[in-house]
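Protein chains in written order, with the numbering used here: chain A, 1 to 246; chain B, 247 to 643.
No lab work stands behind these hints: they were computed from the structure.
Computed far set for chain A versus chain B, every beta-carbon distance over 10 Å:
| hint | residue |
| --- | --- |
| 1 | A8 |
| 2 | N29 |
| 3 | G146 |
| 4 | Q180 |
Just so you have them, the derived chain A footprint on chain B, three or more residues with Cβ under 8 Å:
| hint | stretch |
| --- | --- |
| 5 | 553 to 560 |
| 6 | 630 to 643 |
All C-beta atoms, glycine included, are put in the ideal place defined by N, C-alpha and C.
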Amino acid sequence: MVLIAVEALRHSYRIGGGLVWALDGISLNIEQGDFVAVMGASGSGKSTFMNILGCLDRPAEGSYRLDGIDVGRLRQDALATIRNRSIGFVFQSFNLLPRTSALENVELPLVYRRMRAAERRRRALSLLEKFGLADRASHTPAELSGGQQQRVAIARALVTEPLVLLADEPTGALDSQTGQEIMAIFRRLNGEGLTIVLVTHEPEVAANAGRIVTFRDGRMVADHPATQHAWHSGSQGRLSLVYNAQ
Amino acid sequence: MRAHRLRSALTMLGIIIGVAAVVVMMSIGNGARERVAAQIRSLGTNLISVTPGSARMGSVQLGSGAAPRLSEGDAVAIESEIPGVIVAVPLLYSRAQFTVGNSNWQGVLRGVTPSYFIAREWAVMAGREMIWEDDRRAANVVLLGTTMREKLFGHADPVGALLRIRDVPFTVIGVLERKGQSVWGDDQDDVALVPITAARRQFVGTSRANPWQVHNITVKFAEGVSAEDTMAAVHDLLRQRHRLQPGQEETIMVSNLAEAAEVEETATRAVSLLLLTVASVSLVVGGIGIMNIMLVTVTERTREIGLRLAVGARQRDILTQFLVEAITLALMGGILGVSIGIMAAAAIGTFAQWPVVIDLSAVLLAVSFAACVGVFFGYYPARKAARLQPIEALRTE
Ligand SMILES: Nc1ncnc2c1ncn2[C@@H]1O[C@H](COP(=O)(O)OP(=O)(O)O)[C@@H](O)[C@H]1O
Ligand SMILES: [Mg+2]
Chain A
1 MVLIAVEALR
11 HSYRIGGGLV
21 WALDGISLNI
31 EQGDFVAVMG
41 ASGSGKSTFM
51 NILGCLDRPA
61 EGSYRLDGID
71 VGRLRQDALA
81 TIRNRSIGFV
91 FQSFNLLPRT
101 SALENVELPL
111 VYRRMRAAER
121 RRRALSLLEK
131 FGLADRASHT
141 PAELSGGQQQ
151 RVAIARALVT
161 EPLVLLADEP
171 TGALDSQTGQ
181 EIMAIFRRLN
191 GEGLTIVLVT
201 HEPEVAANAG
211 RIVTFRDGRM
221 VADHPATQHA
231 WHSGSQGRLS
241 LVYNAQ
Chain B
247 MRAHRLRSAL
257 TMLGIIIGVA
267 AVVVMMSIGN
277 GARERVAAQI
287 RSLGTNLISV
297 TPGSARMGSV
307 QLGSGAAPRL
317 SEGDAVAIES
327 EIPGVIVAVP
337 LLYSRAQFTV
347 GNSNWQGVLR
357 GVTPSYFIAR
367 EWAVMAGREM
377 IWEDDRRAAN
387 VVLLGTTMRE
397 KLFGHADPVG
407 ALLRIRDVPF
417 TVIGVLERKG
427 QSVWGDDQDD
437 VALVPITAAR
447 RQFVGTSRAN
457 PWQVHNITVK
467 FAEGVSAEDT
477 MAAVHDLLRQ
487 RHRLQPGQEE
497 TIMVSNLAEA
507 AEVEETATRA
517 VSLLLLTVAS
527 VSLVVGGIGI
537 MNIMLVTVTE
547 RTREIGLRLA
557 VGARQRDILT
567 QFLVEAITLA
577 LMGGILGVSI
587 GIMAAAAIGT
597 FAQWPVVIDL
607 SAVLLAVSFA
617 ACVGVFFGYY
627 PARKAARLQP
637 IEALRTE
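Bound conformation, chain B alone:
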């Protein structure tokens, strides 16, 4: 083995690639799983999102103007009529220009009620929370996400500072805890939250046809309550409130946010599947390489085998010797593959901005795969060596 370093290295190539692919695959899979779990946690658990329009909604439908809009009344009805619902929060969104001193920034403005912070399990880090009094008075107060706060105020304490949103002055009452990236890749902390009443009065609630329109209703249901049942109940209630006939086009989308987050994981799952294919093919190719090289080795060393048999080696001694050699080759490939896999996973983490989690179980799994390949593909050559007759083996040149 040591006499043919290049030959051994080439033989190990398949194993190296296969094992590296296993490590990368598991690191990406673990990373994705952990990210999704973290994102679901940051989203808040047991949430349902209600938005107007359906999954099949196209521009035609939008143009018809037939789509019923969600209203604050819908939120109140969901909260009061559906058992198991803790809060139903009406939301308004808008992009807006924020001005501090002479500097301007574009950003996302969200009109919410104090229930929103319960639904999203989102605490205030500095300053005070939004209270119902703010809502009732339509107070010009704003809570900032950490990113927004950094953009607008840098490291200065913004609580109590004045801020203009679309030229309307608002007072910063607090800063929210960091949430991080959402499942959909946007920065959840790049946001400013104002009472929905203030948002409606100042910016968005101007439609005369439906003055109480909202863009979204976020529903939080109690622990132990079935998400499907709640979604069905919300759906039925809204169809009834909007007088949709049975069979009439779906115009309200009710979705489970946690599930939506999990769906995002399928992207990484597809990559994992690809890597799994690469890994299996490489491991098989590597195994065949090992079998080939071991057959060559057995042929080259027939005389040595004969000598070993002549001095008293039993068949199983020879079998063990060549199996150990095959496994050693496979394991060396495995260890090299693990190193390359870890480097590749780290590189993917750095350059592709994918979350990767390299854990011991991935390494152990990959190495034991390699060992299994060694045993499986090394067995036949080893058995061939063990079955040689001493005199015939000694006679070969």
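Excised from the complex, chain A in its bound form:
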């Protein structure tokens, strides 16, 4: 079943006097249960694409259907509801609320669902437990390591039981060891049936995905299953296929 259907997506930014097309005609279907890694050089439009998938931004042209809903036509409040119910977003910089406990951070999306406090707490706690943070529930982000903060952020993204987890360079701010721990979580979640779209420029990270799509200058230049291949970008930005032993 197709969960995400993107058709001739274009998006531009106004820089100085002119327009820069950050996305220049992306068409892509993502199946329910897929684990997709989006790769590409810096500035190739990966974040722009993710922001549109996450309903944080609207495409200038083209269509985006999420679970059959034409998201491009929705009004602000309806988009807020989609963000709240269907999408879990994980950021490179965690984006946790400072001076707010891990538990309250995880509860936040449920607050906007007008859920009872006790139920919110129960759900948030069980997710923190799942990610090994039960004893950190009352800690503020400043009292947590980067890896712990990102796990709290993942718990926050999942507490609403979204249709898809979107992650824009979730390991970008972490050392490789911790990054691998985060990726282990992603693999586990995908194993439980969660659809994941992940942006990264690290081949080791992308290697965890089931499918790798590559962007260049706002276009999709490759789309491969990752069980056979991983992308490695050379020093001149040249792309070469490398066999992935895993």
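Since the structure of chain A is provided, determine the placement of chain B with the ligands on it from the hints.
This is chain B with the ligands only, laid out in the frame that chain A set:
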């Protein structure tokens, strides 16, 4: 908010001052209103005071000797000829020296008729009342106000005691109930009352030109009778009796005592107006302070707003959040202001001897003012926050 305690406190300053001013203003206003009401009650209701001379009377006029004097005949005429008048009491005043044993005091002596106690609704607390027999006999009897009684006799029972007024012996027949302070600030209980006949014979009625002269006529009219009509009737009657030509200089002053008491209230009204100005200015300044701080907060927390939007907050959720913050700031200022206002009002009551009445309605009004300021001045920053686009908000540093 809690992260910037000093900043919040400074922001609230305007609200604090404004709300405190509202509380003080209302306390003083209520106190003044209640005092005036009490004073009118103590004065006796439906009273008109008639005195010789006019409001424009100056020393020149006094010197001319042309001013006709009020007489006991005038009082009799007012009482018998003007419908609606219950009593018209002639009064004589004098300062006098009072002597008990070897001790002397200066005090106010008033010559009155028994009708005076009806007019002033003034009852006797101990001893007996003044009766017409005292008046007819010009008896050397005296009724004391509570202050006078305390001065002369302390806590001893003065009824039946002998007292000398300007060396003339008088018998104390009773003590009057306490009246308290008058509108004009003097102690109404610091007085001794004797029959007007006795006063005239012993002290004041010696003018050969006008042996029946009185200093004042206090007129009490019936409930339901118009004060203006009665005043006009008294005025016409006296002009006629004193043969004043139309257009001739006004020489008799007829005034409504209750109104005079109310005029006194204008002093506190002026203070209230001043405080109202302070309150409005402070509340507006406080409101602008809140708006300013909220705009700063929204800018500082743009990323947080972006995150909230990203996890599903709707525009109205963000609007509500920042409005609540603005109102909280305003209400905290309001509550602080109420506390300071109550303390200030109490201090004014103690040190300036002003009557203050602090009631719940003043507190509620002041706090709801503060809340309104919070809503009004918090709305624009809150709307600004709510209208942020998620991606742009998230991108800011
Ligand atoms: N807010 C923005 N304003 C202007 N240009 C932008 C903005 N965001 C991205 N761009 C431009 O769009 C292109 C794609 O950016 P982005 O989607 O962030 O790429 P990536 O995430 O792959 O590095 C780049 O050329 C970038 O400079
Ligand atoms: Mg990026």
